[in-house]
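Protein chains: 2
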Amino acid sequence: MAIVTETARAGITCDLQKHHLEEDCRQLLNEPNLFTDVTILVDGQRFPAHKLFLAMRSPVFAAMFSHKLKENETNEVHIEDTDPEVVQAMLEFIYTDRVSNITPLARDLLAVADKYNLVGLKTMCEEKLYETLQTDNAGEILMLAEMYGSSDFVSCVIGFVSDHFRDIVQTEAFDEVNSVEILKRLMDALAAKKRRRAHA
Amino acid sequence: MAIVTETARAGITCDLQKHHLEEDCRQLLNEPNLFTDVTILVDGQRFPAHKLFLAMRSPVFAAMFSHKLKENETNEVHIEDTDPEVVQAMLEFIYTDRVSNITPLARDLLAVADKYNLVGLKTMCEEKLYETLQTDNAGEILMLAEMYGSSDFVSCVIGFVSDHFRDIVQTEAFDEVNSVEILKRLMDALAAKKRRRAHA
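Residue numbers (the numbering used here), protein chains in the order written: chain A, 194 to 393; chain B, 194 to 393.
Where hints are given, some of them may not hold.
Claimed, not checked - Below, a list of computed lysine to aspartate or glutamate pairs in the DMTMM-like style, where the Cα atoms sit at most 20 Å apart:
hint : chain 1 : residue 1 : chain 2 : residue 2
1    : B       : K321      : B       : E266
2    : A       : K261      : B       : E365
3    : B       : K308      : B       : E278
4    : B       : K261      : A       : D230
5    : A       : K308      : B       : D217
Source of the hints: derived by calculation from the structure; they are not laboratory data.
Produce the complete structure using the sequences and hints provided.
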């Protein structure tokens, strides 16, 4: 009996690379009334959402919805410390792994990602902030890194500041750096650089 | 003030390609007790699941859980017409877009994917069946395609059968082909081939 060669099957077209899962999750964001069971309230705006998605992505939401907390009984989460557009971007990340407008929101999103322990979103914000790092904003980003950033991110920003220390130390943003720990880490980095130079 | 070049930022490592969403969805499959709200029962086995995920992926489940059907009130879905391992593979697809062991299950999964209108799973099964298409199973796959397959898949299998008609017509599997519609479509394909040869 003839065994048919591969070329005989060339006619079929399948697109297995297509990620239906991602599309289906994004669809939930676009049709938010399908099975929503919680509302996020920020500054008078209401964002319907799904406890399962929030909990699946954030251990903080998971804990909130696993216990008899007020949020879990009223099905409302009030967020006081950020803006509606930041919460909207956080929800976009939660449902789709993407944030379409991250650049102007990276600072505020980093704080929210830290609060809700959204590791992937935190990394996205850190990369965006690192891209925009310059002498005149390095002091500000160093303080943000210290408050909300991962330890990798803090190390990277300290590395950048020590590499451009002469310029950065004169900036207004650097005047605002008021963490003893960060200033000591920066001094260590500068001293290590000096030692490397002396040995070179 | 110095503008820092790209090379100065080479230190940071971020992996934005990593799909946290897919991992987080897969996690739900591995820790099935987190917020599960429905159980699928097959042949005495119980699979805890989430209505939201089933509904997000399958319009049939979406309809089931949107109305006052028995399944939605008892939070149990009884599936009678397939095996536990097929349901487990279907759940793996629903939560992860993948099926780790598709080859031996492709026939049964195609039927389940058709029943619950899981388009991506259907395509995966069709591609797998098309890969295994040979003269001695072509009749069987033609019948499967007619019962459960997409119209593209039916066309592809008919193309294959008409290309290897002389061998396939003698097989036992072809004896089982008992659909008038399919036989007529096959005859059309053979006649079209003859006409093309006559014109060549």
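Status of each hint after checking the structure:
no. : hint               : in the structure
1   : B:K321 with B:E266 : 37 Å, violated
2   : A:K261 with B:E365 : 63 Å, violated
3   : B:K308 with B:E278 : 16 Å, holds
4   : B:K261 with A:D230 : 18 Å, holds
5   : A:K308 with B:D217 : 18 Å, holds
In the structure shown, a violation is registered for the earlier hints numbered 1, 2, in ascending order.
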